[in-house]
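K.L.:
Protein sequences appear in the order of chains A and Y. Going by my numbering, the first sequence opens with residue 1, and the numbers climb by one from there. Going by my numbering, the second sequence opens with residue 1, and the numbers climb by one from there.
Be a bit skeptical, because a hint or two may be false.
As the list claims (entries may be wrong) - Here are some of the chain Y residues that sit facing chain A, going by a computed Cβ distance under 10 Å: (1) Phe84; (2) Gly156; (3) Ser160; (4) Gly182; (5) Asp183; (6) Gly197; (7) Ile201; (8) Pro279.
The set of hints was computed from the structure by calculation and includes no laboratory data. In this text, a Cβ means the ideal position worked out from N, Cα and C, and glycines have one as well.
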Amino acid sequence: MSAPVIIFFVLAAMAVLAAINLIVQRHPIHSALSLIVVMVALAGLYLLMGAEFVAAVQIIVYGGAIMVLFIFVIMLLNAGEEDRTNFSKLALYGGIPLAVVVTGLIAASMVNSSVAASLPPAQPVTLTSTRTLSNLLFTEFVYPFELTSFLILVAILGAIVLAQREN
Amino acid sequence: VNEFLTHYAYLIVPIAKVAILVFIVLTVDAYLTWIERKVIAHIQARWGPHRVGPHGLLQPLADGVKFIFKEDPMPANVDKAAYFLAPFITLMLALTSLAVIPFGPQQFTIFGYETTVGIADVNISLLVLFAITALGVYGVALAGWASNNKYSLLGGLRSSAQMISYELALTLSVVGVLLLAGDFSLRKIVDQQAGAGHGLISWNIFPQMIGFLCFFIAAIAETNRVPFDLPEAESELVAGFHTEYASMKFAMFFIAEYTSMITISCLATIMFFGGWLSPFPDSWTFTHYLPSVLMIPFGLWVIFDGIRYETLFGRMVLPIVGTVLTAIGAALVLFPVLNDAIQGIFWFLAKVFAFLFVYIWMRGTLPRFRYDQLMSFGWKFLLPVSIANVVLTSVVILWRMH
Numbered sequence: 001m002s003a004p005v006i007i008f009f010v011l012a013a014m015a016v017l018a019a020i021n022l023i024v025q026r027h028p029i030h031s032a033l034s035l036i037v038v039m040v041a042l043a044g045l046y047l048l049m050g051a052e053f054v055a056a057v058q059i060i061v062y063g064g065a066i067m068v069l070f071i072f073v074i075m076l077l078n079a080g081e082e083d084r085t086n087f088s089k090l091a092l093y094g095g096i097p098l099a100v101v102v103t104g105l106i107a108a109s110m111v112n113s114s115v116a117a118s119l120p121p122a123q124p125v126t127l128t129s130t131r132t133l134s135n136l137l138f139t140e141f142v143y144p145f146e147l148t149s150f151l152i153l154v155a156i157l158g159a160i161v162l163a164q165r166e167n
Numbered sequence: 001v002n003e004f005l006t007h008y009a010y011l012i013v014p015i016a017k018v019a020i021l022v023f024i025v026l027t028v029d030a031y032l033t034w035i036e037r038k039v040i041a042h043i044q045a046r047w048g049p050h051r052v053g054p055h056g057l058l059q060p061l062a063d064g065v066k067f068i069f070k071e072d073p074m075p076a077n078v079d080k081a082a083y084f085l086a087p088f089i090t091l092m093l094a095l096t097s098l099a100v101i102p103f104g105p106q107q108f109t110i111f112g113y114e115t116t117v118g119i120a121d122v123n124i125s126l127l128v129l130f131a132i133t134a135l136g137v138y139g140v141a142l143a144g145w146a147s148n149n150k151y152s153l154l155g156g157l158r159s160s161a162q163m164i165s166y167e168l169a170l171t172l173s174v175v176g177v178l179l180l181a182g183d184f185s186l187r188k189i190v191d192q193q194a195g196a197g198h199g200l201i202s203w204n205i206f207p208q209m210i211g212f213l214c215f216f217i218a219a220i221a222e223t224n225r226v227p228f229d230l231p232e233a234e235s236e237l238v239a240g241f242h243t244e245y246a247s248m249k250f251a252m253f254f255i256a257e258y259t260s261m262i263t264i265s266c267l268a269t270i271m272f273f274g275g276w277l278s279p280f281p282d283s284w285t286f287t288h289y290l291p292s293v294l295m296i297p298f299g300l301w302v303i304f305d306g307i308r309y310e311t312l313f314g315r316m317v318l319p320i321v322g323t324v325l326t327a328i329g330a331a332l333v334l335f336p337v338l339n340d341a342i343q344g345i346f347w348f349l350a351k352v353f354a355f356l357f358v359y360i361w362m363r364g365t366l367p368r369f370r371y372d373q374l375m376s377f378g379w380k381f382l383l384p385v386s387i388a389n390v391v392l393t394s395v396v397i398l399w400r401m402h
C-alpha cells in the first residue's frame, strides 16, 4: 500500500471512530471534542485530495470558530452528564432500517464507482488551488457566494434582535 | 550506511530537522524566561535571578529540575480525560505551528534530498498557521473547564471569548499583506519584500503600517500576554485556567506560551519586516560584517566581565563562553562563505529577538485591561480598523493597476 492510502485509512478510521464516540459519550463536552476530531480528520482527507485551501478553512471555520462557540456555550450553561434513556420505539422501527438502507446505498454507489475513483484525478492541483477557487467564487459562482453571505448576515441580525429583546 | 541514508532521506532529514528545531526552541523558551525575568527586574530596579550560576544563567535549568520533581496533585472530581489532555493539546499545537515557518533563504541538499531552513515549505503556510492558532483555544478552555474550579472556569471562558474576538482582527489584519504578495506562502511573502534590492524601503511595514499595528495588538491578545493576560489575571483569578495545574503540566502551559510568543514574533518578522532580508541595500556588502562586529566585542566583554566575576564558577565559565563567542565572530570574518550563509538567519533572529524584547518590555510597562475594555477594544476598534485597512489596500492596488 502506498503512503496516501495508509494515511487515508488512518484518517477515515479516526473520523468514523470519533463520530461513533460523539454519540456514545454522555457528557456534552466529550461529544463536542469528538466532533472536533471528526472535523480535523475530514480536513486531513481534503488535504489528501489536494484541496489545501478547503482543508485549512475546514479547520479554521469548523474546528476553530464554530466548535469553540459550542464548547463556550456548553461551559457557560454548565451542562452536566446526560442520562441514558430506554431504546425508543421510533429508533427501533424507523431508525435501524433507515440506517441499513443508507449504508447499503452508500456501499452500492462506492462499489459501482470504484473504477472511476481509482483513476488519478484529472488536474488535482489546478482545480483546487486557492487562486482557481477564488477566481471561480468571484466569477462563476458569485451569486450563490453573495447570497450565502447575505444569509449569514441575516442570521447575525436575527441573533442581535434576539439578544436585545431583554432590554 | 550512506546508501541507507540516501534511500530514506525523505524520512530521516525531516525527523532530524524536527528534533533539532524542538531542541533549539525549548532551549530558547527556557532562556526566554531568564531574559524576561532579568529585563523586568531591571525595569523595576531589581537584580533578577543571579544566584544560580553566573548572572543566574543556570536558573532555567534549576527551574526545569524543580518542575520535574514537584508533586503533581490532582484536584477531586476533575474531568480526567480533559484535565490530562489540555496541557498536551496546548503544547503540541504551539510547537506544531513552528513547523511551517521558514527561518532562512537557503535551499540545500542533504543525501540527495532537497530541503529548506525550516521544517515544511507549504504553499498555504499562513493558513496552516491560522488553523493551528484557531485550535489553540481548546487547550486553555478545556484546562479551565476540566479543573473543577471556578477561577479556572472563569479563566477558560475569558480566554476562549478573548481568542475568538481577537482572532478575527488577527486574520483580517494580514489580508493587506496577502493582497500585496498575492500568495499564502510565507517564503513568497518574504521574497516579494526584497523589491529591487534597496533594503528596508520595500518592506511591508511601510504600506501596511495600520495592518501591522492591528496584527501585533491582536497577536499579543492571542498569546494571552500583558496587557491582555486576563485569562490568568492573578489579582482576580488566582492563576486563571492553570490554577489547578502543577509540576510538568504547568510547565507545559508555560512552554506553550513562550513558544507561541516565538511563533508570533517570527510571523510579524516575516510578514511586515522582510523576514531574513537585510535592512541595508544589497550593494552595501560591508554590512555583512555586522554579525562579527557585534559578536567579537560582546565576546570580549563577556571575558572581561568573567575575569572579575564574584564567584569562582563564574570566573571559570564566563571567560570560556566569551572566548567561544569571540572565536565565532572571528571565524565569520575569516571564512566569507560561512559569513554569507548566516546573513539571512542573523537578520531573522535579530528581528525575532527584537519582537520578543518588545513583548517583555510591554509586560514590564503596561497595566492590564479591564474585561469590558478588552472586548470593546477588540470589536469596536481593532476589527473596524483592520477591515478599513483591507478596503484601503485593495483600493490602492486597484488604482495602481489602472
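K.L.:
Work down the list of hints and note, for each, if the structure agrees.
P.N.:
Each hint, compared with the structure:
With its C-beta approaching chain A no nearer than about 13 Å, phenylalanine 84 of chain Y sits outside the 10 Å limit, and its interface hint is violated. Hint status for glycine 156 of chain Y: holds, given a least beta-carbon distance of 7 Å to chain A, under 10 Å. For serine 160 of chain Y, the shortest C-beta to C-beta distance to chain A is roughly 5 Å, which falls under 10 Å, so the interface hint holds. Evaluation of the glycine 182 of chain Y hint against chain A yields a held restraint, the C-beta minimum of about 8 Å falling below 10 Å.
Annotation: interface hint on aspartate 183 of chain Y holds; nearest CB of chain A at approximately 9 Å, less than 10 Å. At a threshold of 10 Å, the smallest CB-CB gap from glycine 197 of chain Y to chain A is about 27 Å, leaving the interface hint violated. Taking 10 Å as the C-beta cut-off, the interface hint given for isoleucine 201 of chain Y is violated, the closest approach to chain A being about 28 Å. For proline 279 of chain Y, the interface hint is violated, since its Cβ never comes within 10 Å of a Cβ in chain A; the closest pair sits about 31 Å apart.
In terms of the numbered hints stated before, the structure departs from hints 1, 6, 7 and 8, listed from lowest to highest.
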